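Between the sequences and the hints, there should be enough to build the whole structure, so can you do that?
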Amino acid sequence: MAIKDYLRERFFPHMWCPGCGHGTVLNTLLRAVEDLGLNKNDIVMTSGIGCSARISGYVDFHSLHTIHGRALAFATGVKLSRPELTLLVPMGDGDALAIGGNHFIHAARRNIDITAIVMNNRIYGMTGGQYSPLSGPGKKATTAPYKTIDNQFDVVELSKAAGASFVARTTTYHVQEAIEIFKKAITHKGFSVVEILTQCPTHYGRKNKEGDAVNMLEIYRDTTAKVGSKALTENPALLGRGIFVDKDTPEYCEEYEKIIQLAMREVA
Amino acid sequence: MNEQIKFIQGNEACVEGALYAGLEFFAGYPITPSTEIAELLSQLLPQKGGKFIQMEDEIASMCAIIGASLTGHKVMTATSGPGFSLKQEAIGYACMAEIPCVIVNVQRGGPSTGNPTHVSQGDVNQARWGTHGDHAIIALTASNHQDVFAITVDAFNLAETYRTPVVLLFDEVVGHMREKLVVPEKGEIAIVDRLRTSVGKGVDYHPYLPREDGRLPMSDFGGDHRYNVTGLFHDMWGFPSNDPKVVKDLLHHLVDKIETNVNIISRYKEHYLEDAEYIMISYGSSARSAIHMARHRREKGEKIGVLELQSLWPFPEAVVREKCAGAKAVIVVEMNMGQVMRQVKACVDRPETVFLANRIDGKLITPTNIKGILRVIQGRGV
Amino acid sequence: MAKKKLKEHRINRDWCKGCGICVKFCPGKVLELDAMEKVVAVRPKDCICCKLCELRCPDLAIEIVEDEGDE
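Chains as they are written, first to last, in my numbering: chain A, 1 to 268; chain B, 1 to 382; chain C, 1 to 71.
Where hints are given, some of them may not hold.
[Unchecked claim] Pairs of lysine to any residue, SDA-like flavour, derived with a Cα cap of 25 Å:
id	chain 1	residue 1	chain 2	residue 2
1	C	Lys24	A	Tyr220
2	B	Lys48	A	Gln261
3	C	Lys51	A	Phe12
4	A	Lys160	B	Glu56
5	B	Lys323	B	His296
6	B	Lys323	B	Glu277
[What the hints assert, rightly or not] Some residues of chain A that are not near chain B, with every Cβ distance over 12 Å (derived):
id	residue
7	Ile3
8	Asp154
9	Leu158
10	Gly228
It should be emphasised that the hints constitute simulated quantities derived from the structure, not laboratory data. This one's a predicted model, so the numbers in the text were calculated from it and none came from an experiment. Idealized CB from N, CA, C, for every residue including glycine.
As structure tokens, this is what we get:
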């Protein structure tokens, strides 16, 4: 299958701004699905609200565009009721970690077999550029005209602490790496988190003088380094990319299947 | 046969009804006074191969059942006031996306944390207007365990028939009281199963195009038809649209599919109504006191009866208006500050003859309470 | 593995929003934006079929079609 077979082409060109990294997330994610040879009928994409959430409308899977922050809660219902389905849950940073933060940590804690993708552009784009829990201090936003004073979450550390059994970070510059990470995350049995830095030139880039989409990709290139690389060891100021956690821990739906067996034996 | 007779709580009767109706997936969060529903289902659902999950909060529970409904399962959640407040946005989503699901609200005193272990019927209007925007909703209630069972089955049937969330508005007294339940034989009460599309693989399926009879056949997530589900206004494929005609038509559809069927959806019971000059309108546990009072007064020759409502939304206006047409006075007996009374006043011919007999202190309204108010109405002194 | 040979850049001009990402990061400097701010392959002979433009394109507007005729 070609990548276009996974698209709902009638809705293109998409609604994202010129240079928005979200299109690259869609692009690389579909390459991963294509490489894995997944059947479209077996995939459910669940999203919340925001620029990121619109991604579910563009893919020819079962698509569930829900309410702000709750995509993982909906996805949990889909997955537990039909564990054979593959659940892809792309979310924005505010969607996943502000309003949806509770669902995020608890889905990770359960280790339910869902692939959560945090499309981190460090801003609320759809509403016009307010700071998010991933903006970090010293940034400009429409709700931080002087500067932000809030600390940001480290998505990797948060996911690890919450119990996710696969945790990775990549960027929209490192597309080949992103494809490989998506493939591993989707294949992984358990809760997978992929944080992908994705540029918002319209709001974040402009307000924080990071330039256009090209400049922002250069920043991703120059300020990140592969985990285990010499560059990262020598310069801790760089942000690590790659796979941070990949472990086998009991998966929620499989464990629930055992509960069913236990309960059935009890009545028999 | 004996095992079909149970002596149980109302919350357990609700569970029995839900399982009889075909419940397969429950998500919930602990909250008094509904928790027994979750506890019992955590035990019984896996015995039948069903799924129970205790979610991280009330919102997540509501979202999870919507997700599970989309894969073709009958679903339910249960809560009380504060949890019902939290679920409202997702209930609106289920209205908009037309997802069958059942939400039990075992009412306790509010607002806020209120009176968690005590009875109230203060969520009647919230059931109707808790979520934002114009919409329609079905809300049912019952006063005894046999009816709790039957109305719960009904809730699932209506949810499937109209592709809508259905609210079961019970209350603390009904939920926690123990009395007899005779579980009907399989087949005794008809079950409405999920209506699935007959459209074959590769043929364009319209999840939001009603058939001639108004029903919308569904296709399970994971099946042959890949479509979009959204809380945005959407076209017949489920894709977002803000075309004024699409918006207007969808809103009309969402409201009309329920409001125009109010006569089919209306559920009520008549107690001593035939020649009643004084009519009490009541529901849930307060109806028990009203019925007791009517029985007692009938023995003394007074022409008094009870119209017991079992569907509160869409409000059974025609029923209320017709039954109350000849009454000297209508007394609405409820445990709130007149939420159903206002509906009754709005639909009867002589609203000045409608009175409220209520109690709002967390205690069950008693026959004596009602009697006292009735004496005032009848001009017989306090 | 045989060296990849380009057949064509299949560019969807309706989808391209002219962000310039493909132009900037093309290792062979094959691409440019035209007056309409749409991408065009001006030096296709320099294309090494790395497909980075195709993979990075946020508009999913570029496809590198390889020549597989004389394998």
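Results of checking the hints against the structure:
no.	hint	result
1	C/Lys24 <-> A/Tyr220	holds (14 Å)
2	B/Lys48 <-> A/Gln261	holds (10 Å)
3	C/Lys51 <-> A/Phe12	holds (21 Å)
4	A/Lys160 <-> B/Glu56	holds (18 Å)
5	B/Lys323 <-> B/His296	holds (21 Å)
6	B/Lys323 <-> B/Glu277	holds (11 Å)
7	Ile3	holds (16 Å)
8	Asp154	holds (21 Å)
9	Leu158	holds (15 Å)
10	Gly228	holds (34 Å)
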